[in-house]
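Visitor: The listed protein sequences correspond, in order, to chains A and D.
End of the first sequence = 487 in this note's numbering, gap-free, step of one.
End of the second sequence = 487 in this note's numbering, gap-free, step of one.
Source of the hints: derived by calculation from the structure; they are not laboratory data.
All residues carry an ideal CB built from backbone N, CA and C; glycine is no exception.
Treat the hints with care, as some may be off.
Claimed, not checked - Ranges between beta-carbon positions, derived for each pair:
hint, chain 1, residue 1, chain 2, residue 2, range
1, D, ASN407, A, GLU356, 47 to 57 angstroms
2, A, SER89, D, ASP475, 48 to 58 angstroms
3, A, SER119, D, ARG466, 28 to 38 angstroms
4, D, SER229, A, GLY93, 48 to 58 angstroms
5, A, THR472, D, GLU412, 49 to 59 angstroms
6, D, THR415, A, ASN407, 42 to 52 angstroms
7, A, SER89, D, ALA367, 51 to 61 angstroms
Number of protein chains: 2
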Amino acid sequence: MRAGVISTPHGDIETPAFINVGTKATVKALTPEMVKSLGAQAVLANTYHLYLQPGNELVKKTGGLHKFMNWDGPMYTDSGGFQVFSLGSGGSKISGPTPNPSPKERGENIDSGRLNLEHQKGSTLSSPSLVKILEDGVEFRSHIDGSKHFFTPEKSMQIQHDLGADIIFAFDECTSPTASYEYQKEALDRTHRWALRSLAEHNRRSDLRQAGGPTSDCSPALFGIVQGGRYQDLREESAKQIASLDFDGFGIGGSFDKEDMGNAVRWENEILPENKPRHLLGIGAVEDIFLGIENGVDTFDCVSPTREARNGAMYTKHGRINLMNAQYREDLTPIESECLCYTCRNYTKAYLAHLFRAQELLVYTLASIHNLYFFVNLVKNIRRSILEETFFDYKERFLQAYQEA
Amino acid sequence: MRAGVISTPHGDIETPAFINVGTKATVKALTPEMVKSLGAQAVLANTYHLYLQPGNELVKKTGGLHKFMNWDGPMYTDSGGFQVFSLGSGGSKISGPTPNPSPKERGENIDSGRLNLEHQKGSTLSSPSLVKILEDGVEFRSHIDGSKHFFTPEKSMQIQHDLGADIIFAFDECTSPTASYEYQKEALDRTHRWALRSLAEHNRRSDLRQAGGPTSDCSPALFGIVQGGRYQDLREESAKQIASLDFDGFGIGGSFDKEDMGNAVRWENEILPENKPRHLLGIGAVEDIFLGIENGVDTFDCVSPTREARNGAMYTKHGRINLMNAQYREDLTPIESECLCYTCRNYTKAYLAHLFRAQELLVYTLASIHNLYFFVNLVKNIRRSILEETFFDYKERFLQAYQEA
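Throw the hints in and build the complete structure from the sequences for me.
Guide: See the structure below:
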């Protein structure tokens with residue numbers, strides 16, 4: 083495990099750090115000022131979603147994502163790969179528009195860079211009939227209107243350069259953990275060829291920017307993505323290949339079973355160069371964060387804090403509680419008495435439970451603030467424990483209390 | 083017209099003022115800090131809604147509305163009368179719970195103290211078969227679960243004292259403007275008897291509080307409500323009767339046709355004592371605000387700024403625009419270039435249009451901030467024009483530009 087600093091044109095990120103997901107150029111239900119004041123250092127937006135709506139060209143025209151969404155801190159975009167495979171079948175088995183898409187069909191449940199396998203039941207990873215994978219790239223359908231699109235590594239670079247984040251990712255194929263060894267190997271080789279093409283296109287575009295002279299904006303940093311499923315030799319092969327290329331950092335991808343994740347991360351991080359940052363894509367369970375950091379991960383992103391918040395599930399140091407439970411209806415204490423977030427400093431569970439029952443919009447804001455604060459500060463505390471060399475004590479104490487509930 | 087100051091235990095309100103509606107103990111989609119920073123001076127919550135959910139006893143237990151919802155400024159509650167008549171038939175013609183109530187059935191479209199008639203199509207004002215009006219009070223059904231309830235003037239006072247606002251209203255009957263003269267007269271006489279009972283119960287409860295000694299909290303101010311439909315003699319009779327009682331201020335009630343409102347307000351304000359504040363219930367059209375102030379109104383409340391905002395309709399000095407229109411999709415300017423609200427200082431129409439299309443929660447916050455800022459500041463500017471004796475100039479210039487669109 084390690085503590086460090088990632089420097090970007092929009093500021094530093096002290097690591098380990100939890101990166102807030104802002105799928106469609108907004109951290110759901112929060113103003114950028116709220117995101118900042120809960121302690122968040124960076125935001126990760128989704129390439130697939132923004133390409134479809136409102137379109138990368140429009141975002142570029144407005145001056146890039148930072149200006150578009152009014153976030154002046156460090157920003158990531160993902161490669162679009164994961165969503166293409168999970169959402170890119172047009173939302174359901176139809177080829178035309180879906181008149182009344184369900185929340186899942188609208189992509190609301192799968193809006194992060196990656197997701198833990200347990201959240202993917204019903205996704206189309208295992209039925210990719212409408213997603214066509216070719217050597218050149220991937221053909222998919224919009225989950226919004228069923229229209230057909232084609233992503234290549236070059237296209238992903240173009241979109242991400244248009245969006246203008248500080249840290250972007252190479253285009254990859256995110257395989258199902260149930261895929262066979264043979265398929266994982268085939269996909270991995272393709273992902274490596276796509277990594278080379280992503281890097282070449284990124285360098286070409288960065289050179290063009292620099293040629294634009296001092297008025298041109300900064301080029302983003304490009305992270306390569308390591309894949310390989312649950313197989314040690316594939317994970318190691320992937321890490322070696324990606325590490326040998328001139329990437330600025332690395333993303334660790336894949337849909338993980340709980341057990342696989344720690345291993346995959348360890349195998350890879352023993353190979354990846356120490357002086358470059360490592361981002362674990364789409365992971366956000368409390369135990370997994372400890373596990374990732376213990377095995378050398380620097381940053382994480384995950385939609386679960388805000389998604390859970392909108393369902394009334396609040397993280398506390400004793401585990402999750404659901405504010406819709408009858409017992410909180412008249413509870414005059416905050417979600418957590420010692421919590422210093424805006425929500426806990428100002429509101430009781432009874433008030434939040436009332437707002438949830440009344441479906442009042444404000445509660446999605448208040449609940450999201452608490453859950454994001456929980457994760458951002460958990461990782462900050464872990465950072466402190468690393469610097470103070472008390473990580474294992476902290477981990478043990480934290481997980482003991484957390485699992486008690 | 084006049085400019086003044088209303089002093090409450092939670093601060094002063096400079097009048098004329100636009101009071102923000104916070105139906106269910108929240109100004110929809112906004113934190114109290116946002117409400118304050120857009121310049122709002124006070125919030126009006128709804129007695130009927132809070133009685134049903136989460137219940138006035140719970141609010142009392144938490145220390146009252148101010149503490150419950152984290153608003154430390156001046157606060158009003160209405161009498162519950164209007165909602166009992168408009169929502170109190172159980173949401174529809176059923177007597178049991180509604181499993182999937184429509185937004186209208188949930189009361190989302192009728193959540194203010196009063197509404198302009200043009201918003202009331204389909205309301206139950208003209209089909210009160212499930213609302214029983216008796217001399218003692220009104221029997222109605224919850225729009226949430228169809229359960230039966232009975233409001234009396236005493237009950238309204240009890241609920242409002244429990245909620246603990248600074249300014250509360252006497253229980254009244256809000257008649258339909260299509261009601262006959264005979265019915266208006268009958269209802270008015272009943273409202274006057276209810277005013278006496280409201281006042282007696284309010285005084286009894288206030289005396290009990292004072293007897294509680296210096297540790298007891300402040301008693302609210304009680305406003306009597308003037309009714310009388312479109313009839314000059316009834317409006318004048320009502321104003322005389324209510325003015326003769328020891329109320330701290332007055333509410334002007336009724337469902338108005340555009341034309342009726344100016345007259346009703348003028349007739350009444352010529353009779354109501356000059357030294358007490360006058361609140362025009364549920365009125366919020368730009369023209370009506372000028373008309374009300376011109377005829378002696380001090381304060382207004384209306385849900386339309388936030389409700390319109392959630393539908394994408396934004397107020398500008400040239401009239402309303404709808405952000406869902408295709409022309410704004412790539413519009414890189416704010417809603418109004420000269421507007422100083424948080425939303426206009428930080429976001430383009432293109433961004434807001436994107437969020438509306440993506441149904442992102444943040445947009446309901448950003449749009450509501452702009453619309454409330456528009457109204458709060460319109461009334462502030464009117465106040466300034468009164469002090470500078472340029473009201474009629476300001477009105478003419480404003481309405482000329484506003485109607486051009």
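Visitor: Range first: 48 to 58 angstroms. Now tell me if the beta carbons of SER229 (chain D) and GLY93 (chain A) are that far apart.
Guide: holds, 54 angstroms
Visitor: Can you tell me whether the CB distance of THR415 (chain D) to ASN407 (chain A) sits inside 42 to 52 angstroms?
Guide: At 47 angstroms between Cβs, range holds.
Visitor: Quick check on a hinted range of 47 to 57 angstroms for ASN407 (chain D) and GLU356 (chain A), using CB atoms only.
Guide: Since the Cβ atoms of ASN407 (chain D) and GLU356 (chain A) sit about 54 angstroms apart, the hinted range of 47 to 57 angstroms holds.
Visitor: Verify the CB-CB distance for SER119 (chain A) and ARG466 (chain D) against the hinted window 28 to 38 angstroms.
Guide: holds, 33 angstroms
Visitor: Tell me if the beta carbons of SER89 (chain A) and ASP475 (chain D) are separated by a distance inside 48 to 58 angstroms.
Guide: holds, 57 angstroms
Visitor: THR472 (chain A) and GLU412 (chain D), beta-carbon distance inside 49 to 59 angstroms?
Guide: holds, 53 angstroms
Visitor: Quick check: does the Cβ-Cβ distance between SER89 (chain A) and ALA367 (chain D) fall within 51 to 61 angstroms?
Guide: holds, 53 angstroms
Of the numbered hints listed earlier, not one is contradicted by the structure.
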